[in-house]
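Chemist: One line per chain: the protein sequences are A and B, in this order.
In this text, residue positions in the first sequence follow the working numbering: the first is 1, and each later residue adds one.
In this text, residue positions in the second sequence follow the working numbering: the first is 1, and each later residue adds one.
Just so you know, these hints were derived from the structure itself, not from any lab.
Misleading hints may appear alongside valid ones.
Stated by the list, open to error - The calculated SDA-like cross-link candidates involving lysine to any residue, where the alpha carbons are at most 20 angstroms apart (straight line), are:
#1 B:K10 to A:K498
#2 A:K28 to A:S179
#3 B:K43 to A:G291
#4 A:K171 to B:L9
#5 B:K5 to A:E177
#6 A:K97 to B:L41
#7 B:K43 to A:P219
#8 B:K10 to A:P259
#9 A:K498 to A:R10
#10 B:K10 to A:G178
#11 B:K43 to A:P259
#12 A:K295 to B:L41
#13 B:K10 to A:K295
#14 B:K10 to B:L20
#15 A:K258 to A:R10
#16 B:K10 to A:L25
#17 A:K104 to A:L25
As the list claims (entries may be wrong) - Every beta carbon over 12 angstroms from chain B, so not counted as near; a handful from chain A, in silico:
#18 R103
#19 W294
#20 S520
#21 A554
What the hints assert, rightly or not - Reference listing, derived: stretches of chain B covered by chain A, where coverage requires no fewer than 3 residues with Cβ under 8 angstroms from a Cβ of chain A:
#22 13-26
#23 31-38
Backbone N, C-alpha and C fix where the C-beta goes; we use that ideal spot for every residue, glycine too.
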Amino acid sequence: MATNSTSETRTCDTTGLPVCLTAQLFIKLSAVCAVVFLLLGGVAAILLALTRWQTIHLLPVDWFYRILTFHGLNMLIFWILFFEVAVLYFACTVPLKAKLFSRKVAWVGFIMMLVGAVMVDYIILKGKADVLMTSYLPLLAHPAFYLGIILVAVGTLIGVFNFFATLYVAKRDKTYEGSVPLVTFGATAAAIIAVVTLLHGAIVMIPTFTFAMGWTPEPDPMWYRTIWWGLGHQSQQVNVCAMVAIWYLVGYLATGAKPINETVCRGAFVLYILFINLASAHHLLVDPAVGATWKIWNTSYAMYLAVLASMIHGFTVPASVEMAMRYKGYTKGLFGWVTKLPWRNPAFSAAVLSVVIFGFIGGITGVTLGTQQINIIAHNTLRITGHFHATVVGGTSLAFMGLTYYVIPLIFQRDFIGKGWARIQPWLFGGGILMVSLGMSFAGSLGVPRRDYDIEPAGVYGASSHLFLGIMGVGAIIAVLALLIFVLLCVGTLLFGKKNAGRPIYDWGTAVALPGADESKVDAHWGMKGTIALTAVFLMCFAVYYFANWKALADVWPVQ
Amino acid sequence: MSTKKEPFLKRLMDNPWLLLVLGVVIPFLSYTVWGWIEILLVKPAQLP
Numbered sequence: 001m002a003t004n005s006t007s008e009t010r011t012c013d014t015t016g017l018p019v020c021l022t023a024q025l026f027i028k029l030s031a032v033c034a035v036v037f038l039l040l041g042g043v044a045a046i047l048l049a050l051t052r053w054q055t056i057h058l059l060p061v062d063w064f065y066r067i068l069t070f071h072g073l074n075m076l077i078f079w080i081l082f083f084e085v086a087v088l089y090f091a092c093t094v095p096l097k098a099k100l101f102s103r104k105v106a107w108v109g110f111i112m113m114l115v116g117a118v119m120v121d122y123i124i125l126k127g128k129a130d131v132l133m134t135s136y137l138p139l140l141a142h143p144a145f146y147l148g149i150i151l152v153a154v155g156t157l158i159g160v161f162n163f164f165a166t167l168y169v170a171k172r173d174k175t176y177e178g179s180v181p182l183v184t185f186g187a188t189a190a191a192i193i194a195v196v197t198l199l200h201g202a203i204v205m206i207p208t209f210t211f212a213m214g215w216t217p218e219p220d221p222m223w224y225r226t227i228w229w230g231l232g233h234q235s236q237q238v239n240v241c242a243m244v245a246i247w248y249l250v251g252y253l254a255t256g257a258k259p260i261n262e263t264v265c266r267g268a269f270v271l272y273i274l275f276i277n278l279a280s281a282h283h284l285l286v287d288p289a290v291g292a293t294w295k296i297w298n299t300s301y302a303m304y305l306a307v308l309a310s311m312i313h314g315f316t317v318p319a320s321v322e323m324a325m326r327y328k329g330y331t332k333g334l335f336g337w338v339t340k341l342p343w344r345n346p347a348f349s350a351a352v353l354s355v356v357i358f359g360f361i362g363g364i365t366g367v368t369l370g371t372q373q374i375n376i377i378a379h380n381t382l383r384i385t386g387h388f389h390a391t392v393v394g395g396t397s398l399a400f401m402g403l404t405y406y407v408i409p410l411i412f413q414r415d416f417i418g419k420g421w422a423r424i425q426p427w428l429f430g431g432g433i434l435m436v437s438l439g440m441s442f443a444g445s446l447g448v449p450r451r452d453y454d455i456e457p458a459g460v461y462g463a464s465s466h467l468f469l470g471i472m473g474v475g476a477i478i479a480v481l482a483l484l485i486f487v488l489l490c491v492g493t494l495l496f497g498k499k500n501a502g503r504p505i506y507d508w509g510t511a512v513a514l515p516g517a518d519e520s521k522v523d524a525h526w527g528m529k530g531t532i533a534l535t536a537v538f539l540m541c542f543a544v545y546y547f548a549n550w551k552a553l554a555d556v557w558p559v560q
Numbered sequence: 001m002s003t004k005k006e007p008f009l010k011r012l013m014d015n016p017w018l019l020l021v022l023g024v025v026i027p028f029l030s031y032t033v034w035g036w037i038e039i040l041l042v043k044p045a046q047l048p
């Protein structure tokens with residue numbers, strides 16, 4: 001297909017969709033910054049893992065907390081927010097055939113985010129902000145630390161504004177008909193959650209910054225914790241929405257899967273919009289100032305509606321892939337279609353691993369640990385860290401990495417170098433992070449605390465705790481190596497990758513229809529029986545883990 | 001031409017502005033405002 005470009009758009013040689021050049025520029029800038037912050041966070045990760053691995057115990061105490069602060073902010077905030085802005089700018093332009101609302105607004109947002117992130121990293125490495133990511137008062141950092149976070153938050157909010165303004169203009173100019181595509185709808189859900197998140201960030205960080213400057217009195221520490229988690233936890237819910245939107249997108253690109261029921265999928269995103277932010281209360285389950293009713297309502301009754309949404313997505317994504325494969329003629333047995341999936345496609349394998357690690361490890365542990373009664377035996381242990389490394393790293397980061405295998409060829413217009421390395425990278429990263437998460441979780445189950453430099457002085461942790469910390473350390477080495485492979489592949493491709501302008505991108509591997517495949521022979525309801533069987537396995541794992549934790553709780557407080 | 005009104009859920013899902021308002025108001029009321037009130041109602045500790 002010939003390239004048909006105007007001064008403001010070009011036609012994608014693979015999809016045929018118009019690509020807004022302004023959006024493309026900011027997708028590129030945001031993606032590059034995201035990968036740089038991922039690399040910084042990854043270097044910090046290996047230093048931390050080799051310190052918590054008690055046998056090695058690498059860093060001195062002050063550098064441990066400094067690097068822990070650095071790791072948290074680079075991985076949970078900067079890598080994620082920059083990539084999300086890239087996802088938002090893609091989702092509001094390319095699928096809607098629209099142009100980005102404002103180049104100037106995009107520049108302002110991007111520069112604020114970049115200046116803020118650099119300021120935060122600099123001040124942490126200078127040793128002026130050893131307060132961890134949460135920066136709980138009365139711990140106090142240099143004012144530039146808070147100012148940097150405010151800049152990042154406001155810059156992102158400006159990017160979100162650009163997203164909504166583009167949606168408005170696209171609707172007004174009728175660049176698309178009917179409802180927005182599901183990927184754009186998922187991104188809209190992420191953007192709405194981002195608004196709530198960033199407003200909380202502004203509410204908590206501005207008075208803390210003015211306090212650090214000596215202009216206003218100290219905010220109440222309990223108030224700070226409550227509002228801060230409106231930023232800290234909710235920013236991870238933005239990830240969840242973006243990650244789920246990526247699952248649907250990659251499923252479509254690799255197998256041609258279309259959602260089995262769009263209304264149900266969109267309904268699940270609406271449940272996220274309305275209820276997922278309440279999960280922030282999980283972090284305050286042992287705090288004394290908020291009552292049991294507030295805690296139980298926000299972490300159980302209302303929150304379970306968001307859990308329902310995750311379970312809907314966890315079913316519909318593999319079910320839609322299964323249906324696509326059966327329509328292509330792979331109808332043998334329960335799982336015959338699984339062996340024919342495009343496993344050599346790194347975007348697809350990353351998305352599948354992301355679904356499995358997020359659902360089986362992150363989801364099950366998250367719901368269980370978020371139960372008020374069970375939380376009492378897990379709070380502030382490494383079990384919590386094990387949980388969110390499964391959701392944020394095994395789930396979100398892996399999904400983002402997978403999408404990158406399409407973003408670089410489609411947006412930067414260069415085919416990947418080192419394709420063999422790219423094909424094994426998601427498996428290495430997924431395997432490594434699984435070991436990290438399980439090592440942390442089991443060590444935490446034995447009581448090993450999180451955010452603790454040295455557990456030896458306590459004198460109560462035996463050989464099994466050290467074994468699990470060792471498993472975590474080995475897993476971290478594997479995961480960080482895979483992260484370095486990913487970064488080298490991205491940078492190498494940008495510098496040396498073969499240009500693909502004027503032709504379709506390199507095909508990573510897509511499912512092809514068998515000759516004589518007949519869609520009408522596939523039962524629309526029971527065609528997804530393989531996914532139903534997998535769902536039954538998931539629910540059994542969930543039940544076993546949930547009730548095992550109640551048993552563990554009962555062992556702590558035996559009823560005579 | 002049919003003038004049949006679209007179902008409520010479809011109209012809700014096609015209206016990002018209403019979703020934005022609901023998505024901001026519900027967590028602010030349920031988590032932030034309620035939590036803030038709980039903290040305000042905590043009495044100062046009495047010294048022994």
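Chemist: So, for every hint listed, does it hold in this structure?
Modeler: Each hint tested on the structure:
no. : hint            : result
1   : B:K10 to A:K498 : violated (44 angstroms)
2   : A:K28 to A:S179 : violated (27 angstroms)
3   : B:K43 to A:G291 : holds (13 angstroms)
4   : A:K171 to B:L9  : holds (19 angstroms)
5   : B:K5 to A:E177  : holds (17 angstroms)
6   : A:K97 to B:L41  : violated (52 angstroms)
7   : B:K43 to A:P219 : holds (17 angstroms)
8   : B:K10 to A:P259 : holds (16 angstroms)
9   : A:K498 to A:R10 : holds (19 angstroms)
10  : B:K10 to A:G178 : holds (11 angstroms)
11  : B:K43 to A:P259 : violated (53 angstroms)
12  : A:K295 to B:L41 : holds (16 angstroms)
13  : B:K10 to A:K295 : violated (32 angstroms)
14  : B:K10 to B:L20  : holds (15 angstroms)
15  : A:K258 to A:R10 : violated (26 angstroms)
16  : B:K10 to A:L25  : violated (34 angstroms)
17  : A:K104 to A:L25 : holds (12 angstroms)
18  : R103            : holds (22 angstroms)
19  : W294            : violated (6 angstroms)
20  : S520            : holds (28 angstroms)
21  : A554            : holds (29 angstroms)
22  : 13-26           : holds (count 9)
23  : 31-38           : holds (count 6)
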